[in-house]
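Undergrad: So you can see what is in the structure, the chains are spelled out below.
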Amino acid sequence: MRKLLTQVAAVALLAGGFVGSAMAADGYTIGISNTVQGNGWREEMVCAMKAQALVSGKVDSLNIAHRNTDATGQLEDMRNLIQAGVDAIVLNPSNSDGVNAAIEEAIAAGIVVVAVDQAVSAEGAYVLSNNQEEYAYLGAKWLFEQLGGSGSVVYMRGAAGAGADNDRDTGFKRAMEEYPDIKIVHEVFTGWQQDQGKQQILDYLSTGLPVDGVWTSGIDNVIVDAFIESDVPLVPIVGADNAGFVGQLATVEGFTGAAVTNPGSIGGAGVTLALQILDGKMPESNTVLVDPSIWANNDPEGKALIAAAQNPNLDPEWPVSVQIPGWTDYSMDEIIACKGPGE
Amino acid sequence: MTRQFLRHGWTAGLLAILALLFVFTKIIQPDFGTSGLDSLSRAMLPFAFATAAMAVVVIAGGIDLSVASMMAVAGVTAAVLMDGAGDGMTAVAVVIVLLVGLTMGAINGALIVITRVPDIVVTLAMLYVWEGVALLILNGPGGSATPWLRELIVGPFIVPWLPRSLVFLAVCLVAVWVPLKRSKLGLSIYAIGSNDLAAYRSGVSVGRTRIAAYAVCGLFAAIGGLTLTMSTGNGEPIPGPYLMASVAAVVLGGVVLGGGKGALLGPIIAVIILRLVRMDLTLLSVDPNVTTIVEGTIMVVVVMFGGVLAYRGRHK
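Protein sequences appear in the order of chains G and W.
Residue numbering for the first sequence follows the numbering used here, beginning at 1 and increasing consecutively.
Residue numbering for the second sequence follows the numbering used here, beginning at 1001 and increasing consecutively.
Keep in mind that the hints are not guaranteed to be accurate.
Cut-off 25 angstroms, straight-line C-alpha distance, at most; resulting in silico cross-link-like pairs (DMTMM-like, lysine to aspartate or glutamate) [claimed, not checked]:
| hint | chain 1 | residue 1 | chain 2 | residue 2 |
| --- | --- | --- | --- | --- |
| 1 | G | K141 | G | D299 |
| 2 | W | K1026 | W | E1295 |
| 3 | W | K1026 | G | E105 |
| 4 | G | K58 | W | D1287 |
| 5 | G | K339 | W | D1287 |
| 6 | G | K339 | W | E1295 |
| 7 | W | K1026 | G | D60 |
| 8 | W | K1026 | G | D87 |
| 9 | W | K1026 | G | D26 |
| 10 | G | K281 | G | D26 |
| 11 | G | K141 | G | E178 |
| 12 | G | K339 | G | D60 |
| 13 | G | K198 | G | E253 |
| 14 | W | K1184 | W | D1196 |
| 15 | G | K198 | W | E1131 |
Hints listed in this document are in silico derivations from the structure and should not be mistaken for laboratory results.
My request is simple: use the sequences and hints to build the entire structure.
TA: Right, here's the structure in full:
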């Protein structure tokens, strides 16, 4: 027993020395909190955070709490980051109100808090978000126009109950109001999971019921695959700017579709904003919204953007918009390497 | 004395691990103090209630895979009922949520008893049913929690180092578990978990006891759901990661998965250990993809170590 205790104490002292040396340097320590793991978009977001922290030269270490959990789990993660004594926390919030308690505790402890991708309602937090409502509106409007204002649409949403899904639903419904003859024939939650989304569209296609167009919340390339595998004529499909889908927009014959940009690199931008605030450069407003754009493969401008965005080195689930001009400084290789300071 | 020690040996071992972990935490983060204890205590609340819920049915020889979904139903029900409700109405809302929990649990138990389909299959199906019910009540995060209720788990209680959330947890668990364990029903729950045929021949109503055990499970899940809403200030319809965590804590806490053996103290200490491990891994900046491996490995090692000790104890 004494031997065991000695060993534990030795490990503890080693760990203590490790943390102590990390704290002795004069750069910043940044905490990251994310509640979806294993999703291409979120993985790119985390890699963007790591790459930006590395190239900034101002970050000594990143403290990353990255797992599948709910708002209560995120409260736990953020409180652990506060205990770790980080200088700033960049988080992708589980929902807009649910983590306010921990955000307020962090701000009270003098920690800069930046929410990326989705907004938070806590006062004093900075928000750098993709405009999710506009994301859905742009894609849905394009799709309804392609169908001449009437037809049967399959509506493939994200995760039931997620804040971003709700915002996108608002945007989608706004477009629906402008095209009253569009009929939603099937509405499903893909959970932002490739396998689930593919199974759902295969199930629908096997019924033989009509489908004139598909709107997806970013689970896209597998939907095109399902049409091809089922030998069903392709219909207009809206997806995100994920590498796999953007590849299909350029190469699949007879396929009309559009990608709406939703950069996962917003995570890197969040790190930049946090560092600016830590250095005393305050932004004009607490909220910065990044508006999406749409790349359709049936108009010349969109076609050119799609051609320029082709990148076989990217994971098919990763968004091709790996950089945000003015906000991120890393190279393509650096984000793909996915290495943060000290790694 | 020796028998007493052997009986509580597992819990004592867990307490020793917990004490070592606290020392380790203090070494890697010298600033760890009252705020750290408060964070830890608040983080463990939903896990602790999910674990208590699971422990009761496991002791009764069953398992409930719908614990996290029932927590989601309770959480969104609480958030919807409390939205705009006054202080008085909040108390009514809490009672309704607890009744909803009892009812959900009783439905699970009744289905198992009536259909004679195994617990694991029925509760797996009910996992989806309760998940759908939660989404019907609230299709996205929403509702709210009354401030006085939220205050119940914020800050210290009398002395700075004692978090209110820990007192809240202890009061709720003791209020339900102690009278239950000392009652005829409590004894029957252990009896059917140990050997349901022997229990039946001793005059225990196996079916009714099973339904009651699941109802208590539903009650704990409802309190767990309530703590989710109290923590976040709104209701979330998507179930959190409480199912597997509760099974892990129950096993780590010394409850035998076959039923009939164990109590609540061990699993609750196991919950604190697992949350503290999570905190330490964050403090140490361990790669997030490695943390789950570390957590799983700790569980396997501790349970195996316990198994070896139990085996050696039996063969001495």
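Undergrad: All hints, please: hold or fail.
TA: A quick look at each hint next to the structure:
no. : hint                : verdict
1   : K141(G) / D299(G)   : holds, 15 angstroms
2   : K1026(W) / E1295(W) : holds, 20 angstroms
3   : K1026(W) / E105(G)  : holds, 21 angstroms
4   : K58(G) / D1287(W)   : holds, 20 angstroms
5   : K339(G) / D1287(W)  : holds, 11 angstroms
6   : K339(G) / E1295(W)  : holds, 23 angstroms
7   : K1026(W) / D60(G)   : holds, 22 angstroms
8   : K1026(W) / D87(G)   : holds, 20 angstroms
9   : K1026(W) / D26(G)   : holds, 23 angstroms
10  : K281(G) / D26(G)    : holds, 19 angstroms
11  : K141(G) / E178(G)   : holds, 8 angstroms
12  : K339(G) / D60(G)    : holds, 13 angstroms
13  : K198(G) / E253(G)   : holds, 20 angstroms
14  : K1184(W) / D1196(W) : holds, 15 angstroms
15  : K198(G) / E1131(W)  : holds, 22 angstroms
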